[in-house]
Amino acid sequence: MTSFPTGSDIIAENRGGLIGKAVDRVDGWSKVTGQARYSAEIDEAGKPLYGVIATAPIGKGVITSIDATAAEASPGVVLVLTHRNAPAQAPFGAPGEGTNPMMTAKPVLDSPEIRAFATPVALVVADSFENARAGAALIAATYQTTGAAFGFEDHLADAALSPSPTAKVEAGDFEAAFAAAPVQLDETYATPAHNHTQMEPHATLAVWEGENLTVYTSIQGLKGARQSIAWTLQIPKERVRVVSRFIGGGFGGKAHVAADSILAAIAAQRLGRPVKVAMTRAQMFHLSTHRSASRQRIRLGAGKDGVITALSHDGVLHSARYYDFTENVSGLTRALYTVDNMATRHDLVRLDSPMACAVRAPGGAVGTMAIEAAMDELAHRLGIDPVELRIRNEPKVGEGGRAFSSRSLVECLREGASRFGWAQRNPVPGAVRDGRYRIGMGVGSAIWHTLLFPARAAIVLHADGTATVRQAMTDIGTGTYTILAQIAATALGVRTADIHVEIGDSDFPAAPGSGGSFGAATSGSAVLDAAMNLRKAAAELAVGDMGGPLFGGDPAEAVFAEGSILIGNQAVRLTDLVSRLSPGGIVAEGRLEVPKDYWGKTRNAHGANFAEVAVDTLTGEVRLRRMLGVFAAGRILNEKMARSQALGGMIWGVGAALTEENHFDPRYGSFVAQDLAGYHMPAHADIVNLEAVFLPEDGDDNPMGIKGVGELGICGAGAAVANAVFNACGVRVRDYPLTVEKVLQGLG
Amino acid sequence: MRKESAVSATSDLCVHGLAGLHVGGGPALTQVIDIELIVNGRLTSLSLDPRVTLLDALREHLNLTGTKKGCDQGQCGACTVLVNGMRINSCLSLAAMHDGQAITTIEGIAPGENELHHIQAAFIERDAFQCGYCTPGQIVSAVAMLDELAAGQPSQAAEDLSAAPVLTDAELRERMSGNLCRCSAYPHIFAAIRDVAGA
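Protein chains in written order, with the numbering used here: chain A, 1129 to 1876; chain B, 2 to 200.
No wet-lab data here; the hints were simulated from the structure. All residues carry an ideal CB built from backbone N, CA and C; glycine is no exception. It is possible that some hints are incorrect.
To be verified - Pairs of lysine to any residue, SDA-like flavour, derived with a Cα cap of 25 Å:
id, chain 1, residue 1, chain 2, residue 2
1, A, 1175, B, 45
2, A, 1768, B, 94
3, A, 1175, B, 47
4, A, 1149, B, 45
5, A, 1149, B, 89
6, A, 1175, B, 95
7, A, 1175, B, 63
8, A, 1296, A, 1862
9, A, 1768, B, 197
As the list claims (entries may be wrong) - Reference excerpt, derived from the structure (chain B facing chain A, CB under 8 Å, subset only):
id, residue
10, 43
11, 50
12, 117
13, 135
If we strip away everything but chain A, and leave its shape as in the complex, we get (with noise of 0.2 Å):
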């Protein structure tokens, strides 16, 4: 077992009943009543003056004049920021290399160089939004444009070795397997950008006082924003405090510091006075990160019985110029079926883009949808059921021989096959029809990480009864503040009611925030590691407490429930002992720290998604008929969260099989989708019928033996319904999304 501090036992024991209980969210009244603020709605700074960013309409080149003075003229306008007024910032990227990118320098207006579509050109500050955005319209620049490289399919012959470490895997000898393969498969498939397209746009109020700033704004981790905005305008971080309580949506994409906090941030120094800045909606697809369009070629050596011998799995996937990104497509598929002979490898083709960076399961999500739809077109080339096929090449180890903590892929395929009626498939394609449509039936093995991270966390224990939670935390609609709220208030014998959660400023103990699904696993285990050290001091106090009920008890021995400390048959209420003792509450601190033995075994969350489809043979549309997802995750926290967030993950896989995508205009680097009319994420009417299920699962990959549910359920997902249409109507698309006109074109 791998070692932890204390706390397993008393998350295991669950006395109170709160583990795992369908607790409603403790923000949601909050958020139901539209109480929750969100960064552009904070008031306590009092009116602010508002920014609106201008962009250029080049994708590379050079700022050849700006002419502000119109703009600078215009009613209301108070400031025009370009790149001549502008304050030296350090330059992007800055400390360099070895630096969490998370962390380091993103400067706005620092230079006239445009390196990608819509790079800020001007910020222009007015007293109103109105008059803001018309002053921002009467900024004239021109431009030279310079030789670019825009379209990812026009220069994937410029793809080169990715520098990322795990750019290129090798084990045994893939080349010479594969060749005495008595079955070989080598198939090539395609996913576009995609964008995170959050709800809320990216925004922050920016607030000096003297030479602090706070920067309110909607950012997933920020600890590293606030090194970034310090690195960026060039002061020490302990000046910096940036507060994100409410998040509308990250999936990856509120990762790094983006314009808007660095605009608003310079223009509220200069003016004196609190700066607001909003994205455009349009300027998201283009301000904010994307996740690279790729080329992924699988080539699977395998026994007539199905068994592979030989795999391998290479991507080419596009990034930024200046900021290389690797989505990393095969490092799952190793993890899914490590075999003997594997060789995968990574090239970019770097473009002058945006910058691609995570979206919601990077690396697994379209990783998936390329190898496991490789795998169904194993099983049908074989004859063999896509789901036995897949039991079949269950590894008994993982990569490099190391142990799996825990993995219950196999009991998710089969649970969900009875669950599905799978049995019902008809394993030739086109056999089943409704009408003018034509049913079929697809699956896909779900894979992600679990992974953890350094964190601390604070308790106070108030006179009250009541406990508050602090931590540099972010909750992105995971549910953070619920899930510390249940084991806080399980490890202190409290109602969750009694826990006051307080996340999103970075004052508070440090935590790497909401990402890679480590979060639940990280933040809850430093505040699990505080309540336990709150504990011991409670019950400290309590047994030295001479007169009290509890003195000269063993502390070792003490029972944490119902707002009371038990040692035998004697209790002290909560309340009692601390207005006596300590009127001013009880303060404990915690910690996690990553075992040095961590990464000895092999730590995933599995899962398998089933999906059934209607094709309409007519107009090649494809509808999504039901779908369930069967999960393994360790422990669940809170089984109404979990589902919600599996049952998310489902549907952005559901999206990007059928109908998400963007693509770069070879004639401007923009993106041709640039509105949520034209860029395609499901709605009510596409998802119907969906289901997700956890199964039990033991772990010891944190104290609470829990797995991160964020990421997972999109893995496998849109290869099952890539899968489902191949066997309603025997189209094999391997350009995703899988679009009307391409299934028209099968069906010939």
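Using the hints, position chain B against chain A.
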């Protein structure tokens, strides 16, 4: 598939105009217009720049920030409010067009102080949201949608346009499709509305 409700920004607009700014060009105006809105039952006087949308009047002038700005171009539904009982995208409407009209926002949808509308309570019970940003729009939209149904208004999903509409699953989803949710809480939103509307 969702219907495209507006024309996408074209590359030409981006090249010749200002990328990302779809509205608001031209000379700035300095005059103000005096209007009265009945917001959540309270008569409210405002002196506004005529370019102020109903959405920005609520958010920036009345500090009613429960109504959200997701796209500012009528595509996401996060800004849904009721005007004289009918749901509209408040970002597509100027405040000055609503002089004398009754506006109901998420802050006023409940029957009373410290109470929840049935739809709001069902959203909590069903966990019909995650980040919460589309949520006020979904709730206001759902309340109006049920009223529209009761009033016999047909929808795209109706089998028979002349018959009284029945809230089939397809009707419910169609009538809510103007409200996007990127967290994709759709199954739980559906369940919450179903709880209130009945099977």
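Return the numbers of the hints above that this structure violates; sort them in rising order. The structure conflicts with hints 2, 4, 5, 10, although it agrees with all the remaining ones.
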